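Residue numbers (the numbering used here), protein chains in the order written: chain A, 3 to 350; chain B, 3 to 350.
It is worth saying that the hints were derived from the structure and are not from the lab.
If you're wondering where the values come from, they're calculated on a predicted model, not measured in any experiment.
Accuracy of the hints is not assured; some may be wrong.
Same chains, same names: a pair is fine if it fits in one copy or spans any two.
Below, simulated EDC-like cross-link-like pairs (lysine to aspartate or glutamate); rule was C-alpha separation at most 16 Å, straight line [as the list claims (entries may be wrong)]:
#1 K263 - E179
#2 K263 - D285
#3 K124 - E304
#4 K169 - E35
#5 K169 - E144
#6 K124 - D107
#7 K169 - E37
#8 K169 - E301
#9 K253 - D113
#10 K263 - D113
#11 K250 - E35
#12 K124 - D114
#13 K263 - D239
#14 K253 - E158
Protein chains: 2
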Amino acid sequence: MNSEATEERVLDAVQQRRQLVNDALDEDVPMAEPERLYEATRYLLQAGGKRLRPTVTLLTAEALADVEPLSEEYRSFPGVDGTTVDVMAAAVSIEVIQSFTLIHDDIMDDDDLRRGVPAVHKEYDTETAILAGDTLYAKAFELMTDTGADPANGLEAVRLLATTCTKICEGQALDVEFERRTEVVPEEYLDMVELKTAVLYGAATATAAVLMGADDETVDALYRYGIDSGCAFQIQDDVLDLTVPSEKLGKQRGSDLIEDKETLITLHARQQGVDVDGLVGADTVDGVTEAEIDAAVAELDEVGSIDYARETAQELTDRAKRHLEVLPDNEAHSLLEDIADYLITRGY
Amino acid sequence: MNSEATEERVLDAVQQRRQLVNDALDEDVPMAEPERLYEATRYLLQAGGKRLRPTVTLLTAEALADVEPLSEEYRSFPGVDGTTVDVMAAAVSIEVIQSFTLIHDDIMDDDDLRRGVPAVHKEYDTETAILAGDTLYAKAFELMTDTGADPANGLEAVRLLATTCTKICEGQALDVEFERRTEVVPEEYLDMVELKTAVLYGAATATAAVLMGADDETVDALYRYGIDSGCAFQIQDDVLDLTVPSEKLGKQRGSDLIEDKETLITLHARQQGVDVDGLVGADTVDGVTEAEIDAAVAELDEVGSIDYARETAQELTDRAKRHLEVLPDNEAHSLLEDIADYLITRGY
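Can you make the complete structure from the sequences, with help from the hints?
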């Protein structure tokens with residue numbers, strides 16, 4: 003199937019579940035007192051988002067149960083062990099964790115915008131943003147205890163969520179550390195991306211399997227699918243930052259270079275002897291010209307760094323799809339393959 | 003028993019368990035990579051602390067199991083349902099949550115010192131402190147999934163921890179909100195204290211009961227013991243701030259008045275028509291005289307506000323001890339009564 007058709011199938015699948023996920027988010031993270039805290043807590047959740055991670059959780063459940071997509075109620079979904087599981091609560095829990103990390107990351111990076119609106123610490127204040135993140139953190143764990151799964155599986159899902167959160171913190175700490183070090187090698191970068199970004203994709207898939215009572219081999223394979231496709235997703239982000247026109251990207255092309263942010267591409271280029279720090283002189287988006295970015299991208303392309311990133315992402319995606327072989331051959335399985343492809347073929 | 007003897011018994015009980023708790027903290031929150039993150043994560047845990055909450059958890063377990071204090075291994079403790087439970091992991095989990103909230107609170111309040119050392123965001127930086135708190139948050143949940151209890155009880159303990167964390171966030175948000183409002187009434191203040199401070203005491207006691215398989219009535223009574231004695235603890239803090247000499251308190255006496263921090267005492271005084279805002283003119287500790295504080299305290303005493311706080315704390319403590327009647331009559335039970343007394347008789 004060509005990539006336009008894949009993209010359309012993926013966006014359809016996401017679109018079909020987005021409203022269900024949004025309704026569940028509204029229901030599972032309701033307004034409460036104190037009002038200002040809960041407004042801030044719900045602010046980013048309501049600002050939008052593709053809901054890719056919860057979609058992956060729901061599709062994993064459908065693939066495992068071998069049911070027609072959208073044919074079963076997500077709130078009372080048939081487990082493979084005869085139990086009934088609220089897989090939507092698990093999907094929402096994952097999205098809530100994602101939202102908490104974005105709020106705290108934006109404070110740490112002092113980013114002004116998120117999803118086209120002011121970041122929570124800008125719209126409210128830093129104190130409220132810290133607390134809003136902490137509240138979402140707690141809510142995510144509340145939700146994960148409330149899926150109605152067999153208690154041993156419920157406890158295992160909570161454990162997976164907790165270790166995932168620990169890893170996300172480690173990944174964010176490494177990301178900060180790498181900004182202060184120059185001798186980072188591509189392998190270290192991939193380890194960081196796995197921790198900071200990919201483990202939550204791993205949790206999004208594996209959690210459904212754990213709660214539904216799938217065997218360890220299945221859980222592990224689905225986790226690896228999430229990890230590999232999550233890493234590929236981040237690498238594609240790095241490629242897009244250099245190759246997509248600014249107007250399509252929604253931000254200045256080459257912003258990673260301007261902000262001296264290391265990526266798989268720059269780290270590879272350093273190993274090829276490129277003076278990465280000298281590629282773009284400007285330190286701010288305003289001070290850069292398109293010609294300067296063009297020249298920088300040409301030099302990175304010349305030494306094969308962009309191809310290296312693309313190939314790495316492709317290898318990870320191929321591996322991700324092979325992990326799905328533990329699943330029955332069905333529509334949801336096929337959609338999970340499409341999502342892995344989409345993560346590296348998407349144009350922005 | 004007089005209060006000196008009570009205090010000695012309590013401090014002995016805490017002292018006997020402190021090293022065990024400290025060893026478990028070191029074991030359960032070990033050094034790992036990235037180094038700087040884990041140093042910051044362990045920094046406040048290693049700075050000391052009485053370990054009152056974990057002590058309460060361990061004593062609750064001993065009272066429930068009706069065993070001689072310190073006679074059973076906390077790592078493989080006999081449940082009331084025939085299971086074996088790592089109650090130390092639960093005790094450590096509670097202390098880790100306490101530590102996470104202190105780190106984030108100190109950022110929000112921009113407090114410089116904690117436990118006699120620089121606050122984490124001062125010793126490291128705000129980014130690292132946010133992440134260190136987030137890491138402890140995850141670790142606490144990891145630990146609570148790892149007690150070896152019956153899975154249904156383990157899941158219930160995680161749920162209690164999660165709802166406790168939500169409430170702590172709500173309490174902290176109310177505390178911040180109250181600083182911007184003047185028409186707070188004592189009842190609202192007590193609700194805030196219950197959320198911000200007391201629920202973690204409630205979790206410290208109830209968690210042991212949940213994990214050990216105690217019945218709902220017992221769990222609920224022990225939770226109420228923690229809530230009532232935790233509220234009394236905070237009110238006593240407010241009383242001590244006005245009545246204990248600065249050199250014994252370790253900070254300026256009357257600092258709550260100087261910083262315009264509302265307490266049960268000031269809110270009661272407002273209801274009696276006292277111009278609380280005019281009691282102390284200075285806005286900083288340096289600008290105040292002892293005579294000014296003396297006069298302010300005399301005025302609060304005159305209208306009965308200090309007695310009102312003392313009586314409220316005493317009523318809460320009496321009620322807390324009555325909740326303990328669900329426990330067998332044994333040494334650990336008696337120590338939990340002593341702790342409730344100690345929380346409001348302690349001199350600082």
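Here's how the hints hold up against the structure:
no.	hint	result
1	K263 - E179	within (11 Å within a copy, 38 Å between copies)
2	K263 - D285	within (11 Å within a copy, 44 Å between copies)
3	K124 - E304	neither (41 Å within a copy, 46 Å between copies)
4	K169 - E35	between (31 Å within a copy, 10 Å between copies)
5	K169 - E144	between (20 Å within a copy, 12 Å between copies)
6	K124 - D107	within (13 Å within a copy, 19 Å between copies)
7	K169 - E37	between (32 Å within a copy, 14 Å between copies)
8	K169 - E301	neither (35 Å within a copy, 54 Å between copies)
9	K253 - D113	within (13 Å within a copy, 37 Å between copies)
10	K263 - D113	within (14 Å within a copy, 32 Å between copies)
11	K250 - E35	neither (41 Å within a copy, 38 Å between copies)
12	K124 - D114	within (6 Å within a copy, 24 Å between copies)
13	K263 - D239	within (13 Å within a copy, 48 Å between copies)
14	K253 - E158	neither (40 Å within a copy, 46 Å between copies)
In summary, the structure is inconsistent with hints 3, 8, 11 and 14 from the numbered list given earlier, while agreeing with the others.
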